[in-house]
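Asks: Chain residues, written in single-letter form:
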Amino acid sequence: MLLSRLTEILGGTLQGQDREITGASTLEEASATDISFLANPRYRDKAMATGAGAIIVQELLPRDIPQIRADNPYLWFARALALLYPDKPVQQGVSSMACVHPEARVHESACIHPHVYVGKGACVSEGCIVHPGCFIGDGASVGDHTVMHPNVVVYDGCMVGSHCILHAGVVIGSDGFGFAWDGKRHVKVPQKGIVIIGDHVEIGANCTIDRAALTSTRIGSGVKMDNLVQIGHNVVVGDHTILVAQTGISGSAHIGAGVVLAGQCGVAGHITIGDRVTAAARTGIATDVPAGKVIAGFPSMDHGHWLRVQAVYKTLPELLKRVRELERKVKDLATD
Amino acid sequence: MLLSRLTEILGGTLQGQDREITGASTLEEASATDISFLANPRYRDKAMATGAGAIIVQELLPRDIPQIRADNPYLWFARALALLYPDKPVQQGVSSMACVHPEARVHESACIHPHVYVGKGACVSEGCIVHPGCFIGDGASVGDHTVMHPNVVVYDGCMVGSHCILHAGVVIGSDGFGFAWDGKRHVKVPQKGIVIIGDHVEIGANCTIDRAALTSTRIGSGVKMDNLVQIGHNVVVGDHTILVAQTGISGSAHIGAGVVLAGQCGVAGHITIGDRVTAAARTGIATDVPAGKVIAGFPSMDHGHWLRVQAVYKTLPELLKRVRELERKVKDLATD
Amino acid sequence: MLLSRLTEILGGTLQGQDREITGASTLEEASATDISFLANPRYRDKAMATGAGAIIVQELLPRDIPQIRADNPYLWFARALALLYPDKPVQQGVSSMACVHPEARVHESACIHPHVYVGKGACVSEGCIVHPGCFIGDGASVGDHTVMHPNVVVYDGCMVGSHCILHAGVVIGSDGFGFAWDGKRHVKVPQKGIVIIGDHVEIGANCTIDRAALTSTRIGSGVKMDNLVQIGHNVVVGDHTILVAQTGISGSAHIGAGVVLAGQCGVAGHITIGDRVTAAARTGIATDVPAGKVIAGFPSMDHGHWLRVQAVYKTLPELLKRVRELERKVKDLATD
Chain A
263 MLLSRLTEIL GGTLQGQDRE ITGASTLEEA SATDISFLAN PRYRDKAMAT
313 GAGAIIVQEL LPRDIPQIRA DNPYLWFARA LALLYPDKPV QQGVSSMACV
363 HPEARVHESA CIHPHVYVGK GACVSEGCIV HPGCFIGDGA SVGDHTVMHP
413 NVVVYDGCMV GSHCILHAGV VIGSDGFGFA WDGKRHVKVP QKGIVIIGDH
463 VEIGANCTID RAALTSTRIG SGVKMDNLVQ IGHNVVVGDH TILVAQTGIS
513 GSAHIGAGVV LAGQCGVAGH ITIGDRVTAA ARTGIATDVP AGKVIAGFPS
563 MDHGHWLRVQ AVYKTLPELL KRVRELERKV KDLATD
Chain B
263 MLLSRLTEIL GGTLQGQDRE ITGASTLEEA SATDISFLAN PRYRDKAMAT
313 GAGAIIVQEL LPRDIPQIRA DNPYLWFARA LALLYPDKPV QQGVSSMACV
363 HPEARVHESA CIHPHVYVGK GACVSEGCIV HPGCFIGDGA SVGDHTVMHP
413 NVVVYDGCMV GSHCILHAGV VIGSDGFGFA WDGKRHVKVP QKGIVIIGDH
463 VEIGANCTID RAALTSTRIG SGVKMDNLVQ IGHNVVVGDH TILVAQTGIS
513 GSAHIGAGVV LAGQCGVAGH ITIGDRVTAA ARTGIATDVP AGKVIAGFPS
563 MDHGHWLRVQ AVYKTLPELL KRVRELERKV KDLATD
Chain C
263 MLLSRLTEIL GGTLQGQDRE ITGASTLEEA SATDISFLAN PRYRDKAMAT
313 GAGAIIVQEL LPRDIPQIRA DNPYLWFARA LALLYPDKPV QQGVSSMACV
363 HPEARVHESA CIHPHVYVGK GACVSEGCIV HPGCFIGDGA SVGDHTVMHP
413 NVVVYDGCMV GSHCILHAGV VIGSDGFGFA WDGKRHVKVP QKGIVIIGDH
463 VEIGANCTID RAALTSTRIG SGVKMDNLVQ IGHNVVVGDH TILVAQTGIS
513 GSAHIGAGVV LAGQCGVAGH ITIGDRVTAA ARTGIATDVP AGKVIAGFPS
563 MDHGHWLRVQ AVYKTLPELL KRVRELERKV KDLATD
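Residue numbers (our numbering), protein chains in the order written: chain A, 263 to 598; chain B, 263 to 598; chain C, 263 to 598.
Chain A with its partners taken away, still in its complex shape (with noise of 0.2 Å):
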């Protein structure tokens, strides 16, 4: 592809001569056929010395290679590895080694794969590509042109919704975890609500999101999870909030739009995280968090303050022999 035709779809100015392009690859790595990108100044060095045919840039390099002036020359990058890379075409029908109910609804377009199983009214849109061990439930239904990677699991009366990409080994509506005691042994609290799951979302592999236990557990549009994501039921992520790996959100905790939690982060139950609250790796929220806030720590703080508790508790041990010295002269004072 042209680096014109590149800049025509995608905007941005192209400084230096055209050039063909065939593929996308990091600075390092780059040849003459391939762009690159540079979007954190720290690697400039490495742009000044790239062997790319093109790179993206925010200011220009003083380089004689072609150059694409863009806002946001990473997200420019994302949009040109699309077009460079075309998704497969899907091939469209039933393989004759899934098993659809009779009473399920396939639309055409549909791509279902071998191993396959779509429950009794169950219900997969147009575009949609369901790989190979996925199962859709009894009442499920996929939106349009989302795609489950192999051994996706749907339970009964789950929604997922358009454009989604659920990776290989997704649960999506396992038992919220609930228990009544009856003084000998726990009795299971049936858990008969669903999960319903908005548009563009991503949830990585081997994520588990249970079902609501009356209403729904709720996954807002344009959520990004990574893998091994744990939400209980009855929770609320807001939209475009991202979870990195192996967090966990407590059941009944409501997570706000735009949140970010890095990962290895814990939520406990039934508290709320306002919108746009970034948590760092491995923060534990106990308690509310108002919108906006960056946190850190466990119990979580606000991240600043966390940052100086962390500074001193790292010198304990000589903060202890500071306080020893001290009581040491203050008897010596009190003794003269």
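No wet-lab data here; the hints were simulated from the structure. Here the structure is a predicted model, which is why all the values come from computation and not from measurement. There's no promise every hint is true.
No copy labels: a pair is met if it fits in one copy or bridges any two.
Unchecked claim - DSBU-like, lysine-lysine: derived pairs with alpha carbons at most 35 Å apart:
{"hint": "1", "residue 1": "K450", "residue 2": "K350"}
{"hint": "2", "residue 1": "K446", "residue 2": "K555"}
{"hint": "3", "residue 1": "K583", "residue 2": "K454"}
{"hint": "4", "residue 1": "K350", "residue 2": "K555"}
{"hint": "5", "residue 1": "K382", "residue 2": "K593"}
{"hint": "6", "residue 1": "K454", "residue 2": "K593"}
Following the hints, complete the assembly by docking chains B and C onto the known chain A.
Replies: For chains B and C alone, coordinates are given in the frame of chain A:
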């Protein structure tokens, strides 16, 4: 179902007019044909305002709607749910799209869905439901009325009890993590034991339970595990213990009966946790814990003490300032 | 198998009478036809009391049973286990209930079980065992004698080495977690790289390894991963490194060779961990770590220092009391 019929079956006393109930819901969402419950006094206002057709309470509310008095409203509600929403009728028999070894024994009342594999000498008992994509290895056994949700894997020789619920993606009997270093590389220690799971055990989605090296990893009866829990080889978990999501138990640890480990806890190998121990979320347990203790923190300590430690921890920068101030004053006093 | 035959194959010296051994077990559970071992001096009493028919030791015990002296009894035991419990014979060939693309190459000695999917251009080498429910994507490859337990997913184009063991539910090659914000929503950065896994790698149940954005996520030879480990995109893991359960490695981190990260560790993105680093359980590593260091804590620090920090941390309430007492005394001194 009539309220009077529910109290006839489940006990409790009906106050107010009898009424037909068709469903159950939360206090906020219940309609006139739903029953709801008040277990936590915190939600009394919601109970006073609910549109439910009936409400289960411990103490009667000053409202003119049918109320059912029960000692444990939540337990009563759990049982009512099971009556109001009976399980789907089971299709008995083996799907023609399943693969069952001729030397496997599958009870005629069991349901083997498509894409299931049952190995040589495996045994699937009365009333079991084995959903699509499950694997039951050679010589493995599954007790009566156990439900295996889609894509559950039970390795060769492992034994699952009766009335268990295994959620999607659960892995039982993967090799324990054991290696011996030969000076150049890690040599695998073959894992020749099994996993034995008791009755009435529920295991959450994508949990992993390793087989023992030589003997058996044992999960007691009535144990309830949330999603993404990890159990190492040779571990023993006592009856009715609760393991909340993303908790990990290292190899050869012994967990007592009636224990509760909240979310994201970690337990070191070869240690013993006594009966009825409760650990707060994210507790890291590295040493033996006597029966009945309530613990928190990492390394774990008495829960009350941990709260006091955390209170000081959060003010460490201020504590440092106070020490500095003391040092200044003591220096002044010394030079006076 | 005769003890003399075992020493002939594995080395070591047999002390006492030769004997037929049919199995292996722990010191407590071994019977007269079992062999057992003493590796940790802590268990010497158990070895003195064991009912085993023979015991592997480093130093002879004052007992009148056959003993095998070996430099590394645990390693010797591991190798004996492999001899005493040979693997099941493999059924070669492709199941008629599997789906193998006509343009896939499957070696005639490989075993493809039912409900397996092998994509276009994929390659399954000599002696591989692919259990039910596995998915091998278009152009993916699996080296000789690799075992894929049930429901393992290898996405398109990813490469798994020889003699690997992939436990049930492992996902290799899911999309890395990369998005660019366009002011309104997260735009997916297409993940066009692959995963390359070396030889003799073992990966625990339900682990997830993301494909690189542009190049490759690389797992070195001899790496051993426990269950539920998460590897982000572009990560490099050096040879013979051990990653214990529930550990997570963020994108673009470089982990050296011979590293050990104990359970529930976390590694931040774009950092480098040197060769032979050992991290205690739950270490949170946010900055580069030089080769050979032993670390712990969050943020990570030298292990010995962390122990001293923790010792003070646990006594913070008392430290606060001492500071208060000093303040009182200093005030008294000042007003004297």
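Asks: At most 35 Å between C-alpha atoms: does K450 with K350 qualify within a copy, between copies, both, or neither?
Replies: between (45 Å within a copy, 17 Å between copies)
Asks: Is it within, between, both, or neither for K350 and K555, if the alpha carbons may be no more than 35 Å apart?
Replies: neither (42 Å within a copy, 46 Å between copies)
Asks: Could you place K446 and K555 in one of the four classes (within, between, both, neither) given a Cα distance threshold of 35 Å?
Replies: between (44 Å within a copy, 20 Å between copies)
Asks: If the cut is 35 Å between Cα atoms, do K583 and K454 qualify within a copy, between copies, both or neither?
Replies: neither (58 Å within a copy, 52 Å between copies)
Asks: Is the C-alpha distance from K454 to K593 at most 35 Å within one copy, between copies, in both cases, or in neither?
Replies: neither (68 Å within a copy, 65 Å between copies)
Asks: Is the C-alpha distance from K382 to K593 at most 35 Å within one copy, between copies, in both cases, or in neither?
Replies: Classified as neither: same-chain Cα gap 82 Å, cross-chain 80 Å, threshold 35 Å.
Of the hints listed earlier, those the structure fails to meet are numbers 3, 4, 5, 6, in rising order.
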